[in-house]
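J.: Chain order of the listed sequences is A and B.
Using the numbering used here, you'd call the opening residue of the first sequence number 353 and step up by one each time.
Using the numbering used here, you'd call the opening residue of the second sequence number 353 and step up by one each time.
Don't read these hints as lab results, they were simulated from the structure.
Misleading hints may appear alongside valid ones.
The list treats identical chains as one, so a pair stands whether inside a single copy or across any two.
[As the list claims (entries may be wrong)] Below 25 Å or equal to it, Euclidean Cα-Cα: the simulated SDA-like pairs (lysine to any residue) are:
id	residue 1	residue 2
1	LYS606	ASP696
2	LYS606	HIS487
3	LYS606	GLU646
4	LYS493	LEU679
Number of protein chains: 2
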Amino acid sequence: MQAVVVSREDRTPRVVERPRPTPAPGEALVRTLRVGVDGTDHEVIAGAHGDFPPGADELVLGHEAVGVVEDPNDTDFERGDVVVPTVRRLPPGQDGNEYFERGEPDMAPGGEYVERGIAGADGFMAEYFTSPAEHLVPVPKELAEWGFLVEPVSISEKAFELAESARSSFDWTPESALVLGNGSLGLLTVAMLDLDDRFERLYCLGRRDRPDPTIDAIEELGGTYVDSRETPVPEVPEVHEPMDFVYEATGYSKHAFETVEALAPNGVGALLGVPEDRTFEVDGGRLHRELVLENKALVGSVNSRRSHFEAAVETLAALPEWFLSNLTTGVYGLDDLSAAFADDDTTIKTAVEFHEHEKR
Amino acid sequence: MQAVVVSREDRTPRVVERPRPTPAPGEALVRTLRVGVDGTDHEVIAGAHGDFPPGADELVLGHEAVGVVEDPNDTDFERGDVVVPTVRRLPPGQDGNEYFERGEPDMAPGGEYVERGIAGADGFMAEYFTSPAEHLVPVPKELAEWGFLVEPVSISEKAFELAESARSSFDWTPESALVLGNGSLGLLTVAMLDLDDRFERLYCLGRRDRPDPTIDAIEELGGTYVDSRETPVPEVPEVHEPMDFVYEATGYSKHAFETVEALAPNGVGALLGVPEDRTFEVDGGRLHRELVLENKALVGSVNSRRSHFEAAVETLAALPEWFLSNLTTGVYGLDDLSAAFADDDTTIKTAVEFHEHEKR
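Given only the sequences and the hints, what does the whole structure look like? Please build it.
T.: And the structure:
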């Protein structure tokens, strides 16, 4: 079967021939439909994040997959079931650990997990993949086309849950939210927040000139585009309003600190970017004081667990079709990998298609 | 009656004569027993925090009070009830706001509250004070002697609640805790954490030489003293262990950022200090990345509400008597104010005594 890999010597994604995997006991064989491409893939490709499987010189890319069960093997799935795989797995040779046993692999610390397509384990960008049944989440057939968006939506489901829980010891009544970053995750998050009746006013920050498809999407969702070149994050409260919720999806580390300044009293910032080391000056006294005197909170969030995938399936079903279509700027076959991995201003979200879903 | 004030011209606490207050409808008159002195008082005295009541040139100090109901007036209290007042009140002239209506004055933003003895309202350092009944928390008579500690304990009750809630979306099983700061609030917090069976290992950071009464108290509680001059906060994980919970009670702003480095994966830091502006360099990329990839959280916490005072009363009853005695290095009358407001290495916690409690 064909698979998309990067190798130690050649970091350009390319197609190689791999044997079709055989499901082990408890695993199903899945025929891959689509696999999304996101910022993490670009970091993996650039060698800035992730790692090869132990002893391997190649990594099969892809962690945002949707597929159809081809061989249920000894699992409870049926042939034809549409499924999305979660990303984290036990490290090779490890029988189990408390995080996986609790169903919370997203909370496992380094060394207690690998991530398929990212760190230490082959991903899903291949014609077929196998997965233990407990790491496969059922998706309604009608959503098969958009199933590659379940994983990124699950990332925000987890971040929302962490942020909300951090405000659960008092009566938190948020109305305003700011998403930092107008990439695909940022836009998906704006659309998700738009489904939440509490958020009356949504803002999304980027640094693009009009006309631009991401600005169009923000505005069609009823949100306000904030150009960070005109309105830096610390000025957002004065120019717009203080934000009850800030979602950072840029990986630009200054934004993590500026989030404190953008927050309203009792607000919470969810941090999701994964920046490199970067030293800079902050008015740490003021940030510290604001966090304390205004009861603000910051929560870091990585990965997601099965319950977040299940919530994401429901969320995806509620997102407007026009938005998903506009978000997805291209779905490409293996003969057009360079378009699938393009990262320019006309690209929002892309996916690689391995098989078409036969609607029954 | 006698009251302890600072004035705009003279920031040294001194005794002045004030009329005994008359309780308004819904208020009780309280005969003051003791009023504690803490770091916030020292900041108020120095003019670094807080404000005078509108139009006033003097501020009656004191926000950590315990007293006995002298005149219940039209409230449900009885003469002789031991009570502790909460600190926040509605601003003068304001009929109400959503935070006070919800019983969450601690979550009110600036402009929506005053703080007795700190900002915009006279405190409790007087022979008598009045308070609306809903801001008076009953205390068992046996605890009257230590009732001035209910307020500081309530501060940590709130911080614990915020921190725990920030970890409530997963199975958080903390074992290690680090308290930054060996002042009276830091020591009280170590003693409170010692009551929590989950925390098997407690650490408290300071910068004092042995022999020192705070180090003795930490060690008698079974905790480990960490000298920040030998082991800076970022080195704590290597020298001791990564911390599931960090409680910052220093007001030293670098500690707010170093807290991220001291935390174990999935850990949470509660920030309570109130520093001045202070600009310094941070490796913001690394801190941001650690927050995200290790699911860490920071929560700022200020003040406390009635439910935290009620929890504090129960906690105080459970704290060992030897600890409360060692913590309280002095209880002074109005003729010895300079001792009550001393801030040297032999002082941990002091209180001003207005009336002795007659045990019945």
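J.: Taking the hints in turn, state whether each one holds.
T.: Now the hints, each set against the structure:
Within a single copy, LYS606 and ASP696 get their C-alpha atoms as close as 23 Å, which meets the 25 Å cut-off; across copies the closest is 39 Å, which misses it. Proximity of LYS606 and HIS487 under a CA criterion of 25 Å is satisfied in neither setting, with 35 Å inside one chain copy and 42 Å between copies. With identical chains, the CA atoms of LYS606 and GLU646 are at most 25 Å apart both within one copy (20 Å) and between copies (19 Å). Proximity of LYS493 and LEU679 under a CA criterion of 25 Å is satisfied intra-copy only: 20 Å inside one chain copy versus 66 Å between copies.
Violated hint for the displayed structure: number 2, the only one.
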